[in-house]
Amino acid sequence: MEDQIRDFMHFLTIEKGLAKNTLVSYERDLRSYMAYAVNVEEMKSWNDVRRVHIIHFLAHLKDSGKSSRTLARHIASIRSFHQFLIREKAADQDPSLHLETPQQERTLPKVLSMEEVEALLEAPKILDEFGLRDKAMLELLYATGMRVSELINLEVNDVHASMGFVRCVGKGNKERIIPIGKTALDAIEAYMNKGRNRLASNKHRADTLFLNHHGNTLTRQGFWKILKKLAREARIEKEITPHTLRHSFATHLLMNGADLRAVQEMLGHADISTTQIYTHVTNVRLKEVYSKFHPRA
1 MEDQIRDFMH FLTIEKGLAK NTLVSYERDL RSYMAYAVNV EEMKSWNDVR RVHIIHFLAH
61 LKDSGKSSRT LARHIASIRS FHQFLIREKA ADQDPSLHLE TPQQERTLPK VLSMEEVEAL
121 LEAPKILDEF GLRDKAMLEL LYATGMRVSE LINLEVNDVH ASMGFVRCVG KGNKERIIPI
181 GKTALDAIEA YMNKGRNRLA SNKHRADTLF LNHHGNTLTR QGFWKILKKL AREARIEKEI
241 TPHTLRHSFA THLLMNGADL RAVQEMLGHA DISTTQIYTH VTNVRLKEVY SKFHPRA
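Heads up, the sequence shown is in my numbering, so the first residue is 1 and it goes up one at a time.
There may be inaccurate statements among the hints.
[What the hints assert, rightly or not] Computed list of lysine-lysine pairs in DSSO-like fashion (alpha-carbon distance at most 27 Å, straight line):
#, residue 1, residue 2
1, K229, K194
2, K225, K125
3, K287, K171
4, K238, K66
5, K125, K66
6, K16, K125
7, K16, K110
8, K194, K182
9, K171, K110
10, K66, K110
11, K194, K171
12, K16, K89
13, K194, K110
Everything labelled a hint here was simulated from the structure, so no lab data went into it.
Please put together the full structure from these sequences, using the hints given.
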């Protein structure tokens, strides 16, 4: 059973070209599925699995406190895996057929006000290479709305200052071009001229744009620590995540009249329905403004 999961992950990596984080999610879901099938249902082969066993596994996840979003992700992983087993003739039936995906509660993304964004962007002290780097990262995130995973994988040549855009590679290895404003470009230029060379190391790869104190590529965890520290210094009391600036970027664009399709393209969303969540955020924000400032609200 282990061999089939390994073959499936190889298929997703080589033939599907899925992003690293997506691959990690697939493997984590399937390994928990296999552990249940082997240890609880005492399965010896994937061909022994029936629909009722999958339902029991999902009930086990739900009893463990997993959200409907997590259950839906597990179902998607399990379906893809069993379809793969059928194609590879490693099983002669698909027990995942007709599984119902639980309705997911749709939560609005947390966004910062423009004043809070301004405070966060001013938080880095540009007195050394770390402050210059942090300032450049935050300005670039808010200027482009890119994901943190895209930010930390940027290379020096991906920023085209003279033309005012950045090239990034998103989910599914899809490339997109995003415009950058002067403020972010100035911050990147200052980091490149006065900060990055102090962080770069001859021992490690030298073409990654944002480096840690060892001269290595900055990690998601490293960025997350930096963001939490700067949020505290900016006295932002809202819960903040690595995606907060991405959400704020999209929301502020739409609040100021940007076209939804243009925002979709800049965010790299395959489906515009994913982008439409930000229209709900702007409507909520407008209601808050109305209630606060209209004399007869």
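Here is how each hint holds up against the structure:
Taking the CA atoms of K229 and K194, the gap is about 23 Å. The hint holds against a cut of 27 Å. With a CA separation close to 16 Å, the supplied pair K225 and K125 stays within the 27 Å bound. Between K287 and K171 the alpha-carbon distance is near 34 Å, which puts this suggested pair outside the 27 Å criterion. Distance restraint check for K238 and K66: the Cα-Cα separation of roughly 25 Å lies within the 27 Å cut-off, and the hinted pair is therefore satisfied.
Restraint check for K125 and K66: not satisfied, since their Cα atoms lie roughly 41 Å apart, outside the 27 Å limit. For the hint linking K16 to K125, the alpha-carbon distance of about 43 Å lies beyond 27 Å, and the restraint is violated. Among the hinted pairs, K16 with K110 is inconsistent with the structure: their alpha-carbon atoms are about 32 Å apart, more than 27 Å. A C-alpha spacing of about 18 Å is found between K194 and K182, which places the hinted pair at or below 27 Å, so the restraint holds.
About 22 Å separates the Cα atoms of K171 and K110, which keeps this hinted pair within 27 Å; it holds. Distance restraint check for K66 and K110: the Cα-Cα separation of roughly 21 Å lies within the 27 Å cut-off, and the hinted pair is therefore satisfied. Our distance criterion of 27 Å between C-alpha atoms is broken by K194 and K171, whose separation comes to about 32 Å. Distance restraint check for K16 and K89: the Cα-Cα separation of roughly 19 Å lies within the 27 Å cut-off, and the hinted pair is therefore satisfied.
A distance of roughly 34 Å separates the Cα atoms of K194 and K110; the hinted pair therefore is violated under the 27 Å criterion.
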